[in-house]
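Q: Please put together the full structure from these sequences, using the hints given.
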Amino acid sequence: MAKCLPRLACLPFAVCLLFTACLPPAAANADTTLKLVEVLTSPERTDTLKGLVGDFEKQNPGVHVEITSLAWSSAFEKFATMASAGDTPDVVELPDRWLSLYAGNGMLQSLEPYLAHWSETSRLTERALQAARAVDATAYVLPYGLYLRAMFYNKALFRQAGIAAPPATMVEFLKVAQKISALPGKSGYCLRGGPGGLNAWIMFGAAMAGNNAFFKSDGSSTFADADWIKGTAWLVNLYQDRLAPQDSVNWGFNEVVAGFYSGTCAMVDQDPDALIAIAQRMKAEDFGVTSIPKGPAGKAYPTLGYAGWSIFKSSTHKDLAWKLIQVLDDPRGNLRWNERVGALPIYQGAEKAPLYSDSRFKGWFAELADNDEVPTFMPTDLPGFAYFADSLVVRTSQQALLGQISPEEMNRQWAGYLTKARNKQLERARHE
Amino acid sequence: MRPRLNRSAHATLHYALIGLYLAFALFPLYWMLKVSLTPDDLLYGEGVRLWPSRITLQHYTSVIEHSQFPQFFRNSLIVSGSTALLVTALASAAGYGFSRFRFRGKLIIVGLMLVSQMFPLVMIVAPMFRLLSPLGLTNSLTGLVLVYTAFNVPFASLLMQSFFDAIPKDLEEAAMIDGATRFQALRSVIAPLTLPGLAAAFSFVFTAAWSELLFALMLNSSTAASTFPVGLLAFVSKFSVDFGQMTAAGVLALLPVCGFFFLIQRHLLQGLTAGAVKG
Amino acid sequence: MSERAEPYLYTLPAVLLIAALLLAPLLIGLSYAFRDITLLDPGSGGFVGLEHFRELYADPSFWNALRNTVTWTAASVALQFGLGLVLALLLSRPFRARGLVQLLVFLPWAVPSFLSALNWAWLFNPVVGPLPHWFASVGLMSAPENLLADPKHALWGPIAANVWWGIPFFAITLLAALQSIPRDLYEAAAIDGAGPWRRFRSITLPYLAPTMAITILLRTVWIANFADLIVVMTKGGPADSTQILSSYIFTQAFQRLDFGYASAIAAVLLMLLLAYAALLVLLRHFLNTRN
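Residue numbers (the working numbering), protein chains in the order written: chain A, 1 to 432; chain B, 1001 to 1279; chain C, 2001 to 2291.
These are calculated hints, taken from the structure and not from any lab test.
Think of the CB as a built atom: it goes at the ideal place given N, C-alpha and C, for glycine as much as any other residue.
Careful: at least some of the hints might be erroneous.
[Stated by the list, open to error] Using 25 Å as the maximum straight-line C-alpha spacing, the simulated DMTMM-like pairs for lysine to aspartate or glutamate come out as follows:
1. C/2152 to A/409
2. A/186 to C/2145
3. A/420 to C/2059
4. A/420 to C/2184
5. B/1169 to C/2145
6. A/35 to A/55
7. A/186 to B/1065
8. A/50 to B/1242
9. A/230 to A/55
10. A/299 to A/172
11. A/318 to C/2041
[As the list claims (entries may be wrong)] Below, a sample of chain A positions facing chain C; criterion: calculated Cβ distance under 10 Å:
12. 87
13. 174
14. 178
15. 182
16. 183
17. 185
18. 226
19. 248
20. 255
21. 258
22. 386
23. 387
24. 389
25. 396
26. 397
[Said to hold, decoys possible] The calculated label-pair distances, taken between Cβ atoms and stated as ranges, are:
27. C/2046 to B/1058: 38 to 46 Å
28. B/1064 to A/219: 54 to 62 Å
29. B/1048 to A/365: 37 to 45 Å
30. A/47 to C/2038: 35 to 43 Å
31. C/2047 to B/1181: 52 to 60 Å
32. B/1058 to A/58: 29 to 37 Å
33. A/366 to C/2038: 17 to 25 Å
34. B/1048 to A/182: 18 to 26 Å
35. C/2051 to A/168: 51 to 59 Å
A: And the structure:
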């Protein structure tokens, strides 16, 4: 018996020893290490990030930046698990949807004191500052770009269907979609019925209602109003009349963009960052970008999103972290970053930069210049918004598209949830 | 006449069914291969064709040269191999114990092993991360091997138990009467008879560890400690799913597994000689 | 000392590892079911007793997910086991190129579930995959459409992918078990005049029974918890028609960030699986004592 025990026990120990030896050696001695996490990862973007970070390290000898790149499809769960276990970075890339969660739970450092002393703060646009201060009117994030929805359209399919110009109103949009759907195997609109489709429901609902107020003065949601319901019904009818592909009821971001560049559907509403992927796969003369179609009141409400950089309160190198953000996000760094990322600039007068005077961005700047296109921030600062957008909206909108519930019923459920969330938010504000 | 007809009809049926299984198993893999050889611009236009009009090896060269896949494969090999070895050792011991002995707490131990399989892994990940992080076992291959071993031991133990159950106790009892210790009897008499079971457990654990994603993703954030399924996820970026490179990586990953199965299959198909059991 | 301590020495290493790495986090995870755990919210963590279970009882999405879980698990296990057993039987008698065939039919098991899900989603997509066109030409569908977007039948897409992926599991383990049946038993039975079905029932089945029991039990438990294919292929949709308990748990945990509620659902699933395991053990006991 004495013989077998050591033998049985040796094996696991030997195996463990074997690859503690195999593990890569610990990082070389650096005076300070900053941890940076990026979440909207793609290989080309990481290269640009490494370039900017390299500049920072040259300016600050003795400082090493450790970059962790999370795959976007699982970034939220992964980062939430790490953060809840205390494994927090110094600087993190923060999408707008995450702001209310991390800022609301007091995990982010307020950037106001840094902004107050920064030379570039005065050059930030009004909208960028508004985005930064979405939670508690305090800047918890420094945006690096704004994502404005516009309508991509397939010029080749338009030519095939004999359509001369992209639609400017919802009425024209419907007509165009009908003409394209008459072509065999093609559809007019790339509907996003799966996760992330909330933007379209909001845009068309607001356009029908002629305003983008989400809440009335008494704090109840406007979704239950007849005009917003008309917007929902408009989109549901579009799907049920087969003006969008049959399986688009389940389409997420990848499927929608793939549907567009494969020529399956002719129009898709998307942000400027999709431009890069589409431009890689379609010839420049085959696609164009135009403003979101206007509703009966003559106005449209394209949604506005953003992503930026934040500092965690738990960081022990906050000032150094701010220096890193400066390198990433000052006018020069921001331009270089957006060349790769494709978001709209946060600095005033940036349209004059060669990157943006490119004809590809013309569509967005035209949209921004049009007074009847009113960029609208979605209420991402509401508590529980992520669940609303990713779960409740997906389920109920799919039920509505498939005819299992009526548009009224869907809007009623949305209004109920949002009113509750709004009340919770107001109560929280009262207690502070 | 009749027996002969039956035999050849039998054989034809046999081969026909095998053919059907082969077709079912291989068709999706063939499709993956086809997509990996299709250039990006033809991916959607010619999607439904059984073979693209123009093939390219560009995806394979990208994966081998420009991505970090060689390192991911190496990590996966280390993790899967170590896990399979560790599990087979621990599970054979435990399976033997369950099969041959009656002891207090046996039911509880088996019950606990079963229960450990019943809880969704999603709920275990967060507490596990919190447990392993201070021990330095996150972002490490060692931590991953330990976790995989813990997860696979219950099934492997119960599987080995069922194999040991099929071997009558008199065999090692005979050897022990002749003067050997139980462990010696186990090693020289019983173990060779359970070689198919050992091979089955080993190959099962190897491939399970090879293709596991959730723990590899959640417990590791550094690329130095990432395995190949995690590497595959990197092809799904916010803007596109790079199917060409992803399927190329998937096809490449099948090669080591093929090699592994090739080595193992001899043991899986070994039959018992008639005499050993009768005695 | 050795006699009494022997069994513990054989089983202890395994037990210690499982206790430390699996059972400890499991107990912690289970405890969330009785507390209000909202991820990242420092104010949460209070004890709420059976509150989550009451909420669960009244939640129609929960019952929908439960129904889907039963369909998903039963269909997957039945098809995987049935087809896997036939394959194992086919491979158990020697023939030319048997080694090569065995290697090829086991390959699906080596593909990571996420890649296999994307591949199958691709196959079902009428724009890029052949299956809808084949279904249409055979008459199963009126026009080539995506099975995964049809709420009535969408679940069969992930089931097909699951069966493809899981047949090798049963085939490998049952084949290994078949290999340990002594050949001379069959010869003796043949000499006694028993036909193939009789031989199968009285020799093969009893020898396979222990392996069958454990593989079916564990496979059912795993599949009930296995949401990867569904999450990647249909994300639980359309309209929750493919949502199973395990994917619903994921939604509650990581979208609503309500770990307490998610854990309560997981606890219910655990209870159901324990009941199922107990049933299976009793059944085997009953069959054993009968023989």
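Q: State for each hint whether it applies.
A: Hints, verified against the model:
Using a Cα cut-off of 25 Å, the hinted pair residue 2152 of chain C and residue 409 of chain A holds, with the two alpha carbons roughly 22 Å apart. A distance of roughly 13 Å separates the Cα atoms of residue 186 of chain A and residue 2145 of chain C; the hinted pair therefore holds under the 25 Å criterion. Using a Cα cut-off of 25 Å, the hinted pair residue 420 of chain A and residue 2059 of chain C holds, with the two alpha carbons roughly 18 Å apart. A distance of roughly 74 Å separates the Cα atoms of residue 420 of chain A and residue 2184 of chain C; the hinted pair therefore is violated under the 25 Å criterion.
The suggested pairing of residue 1169 of chain B with residue 2145 of chain C is violated, with an alpha-carbon distance near 59 Å, which exceeds 25 Å. About 16 Å separates the Cα atoms of residue 35 of chain A and residue 55 of chain A, which keeps this hinted pair within 25 Å; it holds. Restraint check for residue 186 of chain A and residue 1065 of chain B: the C-alpha separation of about 39 Å exceeds 25 Å, so the hint is violated. Using a Cα cut-off of 25 Å, the hinted pair residue 50 of chain A and residue 1242 of chain B holds, with the two alpha carbons roughly 22 Å apart.
The suggested pairing of residue 230 of chain A with residue 55 of chain A is violated, with an alpha-carbon distance near 53 Å, which exceeds 25 Å. Simply put, residue 299 of chain A and residue 172 of chain A have alpha-carbon atoms about 14 Å apart, close enough for the 25 Å limit, and the pair holds. Restraint check: the Cα-Cα separation between residue 318 of chain A and residue 2041 of chain C comes to about 23 Å, which is no more than 25 Å; the hinted pair holds. Using the Cβ-Cβ criterion of 10 Å, the hint placing residue 87 of chain A at the interface with chain C is not satisfied: the shortest such distance is roughly 13 Å.
About 23 Å separates the beta-carbon of residue 174 of chain A from the nearest beta-carbon of chain C, more than 10 Å, and the hint is not met. Annotation: residue 178 of chain A was flagged as interfacial toward chain C, and the flag is violated, the nearest CB pair being 20 Å apart, outside 10 Å. Against a cut-off of 10 Å between C-beta atoms, the interface hint on residue 182 of chain A is violated, since the closest Cβ of chain C lies about 16 Å away. A cut of 10 Å between beta carbons decides the hint on residue 183 of chain A: the least distance to chain C is about 15 Å, and the hint is violated.
For residue 185 of chain A, the shortest C-beta to C-beta distance to chain C is roughly 9 Å, which falls under 10 Å, so the interface hint holds. Given hint, residue 226 of chain A at the interface with chain C, is violated; its Cβ is 25 Å from that chain's nearest Cβ, farther than 10 Å. Of the supplied interface hints, the one on residue 248 of chain A holds, with its beta-carbon coming within about 8 Å of a beta-carbon of chain C, less than 10 Å. Interface hint at residue 255 of chain A: satisfied, since its Cβ lies 9 Å from the closest Cβ of chain C, which is below the 10 Å cut-off.
The restraint placing residue 258 of chain A at the interface with chain C holds, with a minimum CB-CB distance near 9 Å, inside the 10 Å limit. Hint status for residue 386 of chain A relative to chain C: holds, with the closest Cβ pair at about 6 Å, below 10 Å. Nearest Cβ of chain C to the Cβ of residue 387 of chain A: about 4 Å, under the 10 Å cut. The hint holds. For the restraint placing residue 389 of chain A at the interface with chain C, the shortest Cβ-Cβ distance is roughly 9 Å, inside the 10 Å limit, so the hint holds.
With its C-beta approaching chain C no nearer than about 8 Å, residue 396 of chain A sits inside the 10 Å limit, and its interface hint holds. The interface hint given for residue 397 of chain A holds, since its Cβ lies 9 Å from the closest Cβ of chain C, which is under the 10 Å cut-off. A hinted range of 38 to 46 Å for the beta carbons of residue 2046 of chain C and residue 1058 of chain B is inconsistent with their spacing of about 57 Å. Between residue 1064 of chain B and residue 219 of chain A the C-beta distance comes to about 59 Å, which sits within the given range of 54 to 62 Å.
For the pair residue 1048 of chain B and residue 365 of chain A, the supplied restraint of 37 to 45 Å holds, since their beta-carbon distance comes to about 40 Å. As the Cβ distance of residue 47 of chain A to residue 2038 of chain C is approximately 37 Å, the hint placing it in 35 to 43 Å holds. Between residue 2047 of chain C and residue 1181 of chain B the CB atoms are about 53 Å apart, so this pair conforms to the stated range of 52 to 60 Å. Between residue 1058 of chain B and residue 58 of chain A the C-beta distance comes to about 35 Å, which sits within the given range of 29 to 37 Å.
Taking 17 to 25 Å as the suggested C-beta distance range, the pair residue 366 of chain A and residue 2038 of chain C does not conform, at roughly 44 Å. Distance hint check for residue 1048 of chain B and residue 182 of chain A: the Cβ-Cβ separation is about 22 Å, which falls inside the suggested range of 18 to 26 Å. Our hint of 51 to 59 Å for residue 2051 of chain C and residue 168 of chain A holds, since their Cβ atoms are close to 53 Å apart.
In terms of the numbered hints stated before, the structure departs from hints 4, 5, 7, 9, 12, 13, 14, 15, 16, 18, 27 and 33, listed from lowest to highest.
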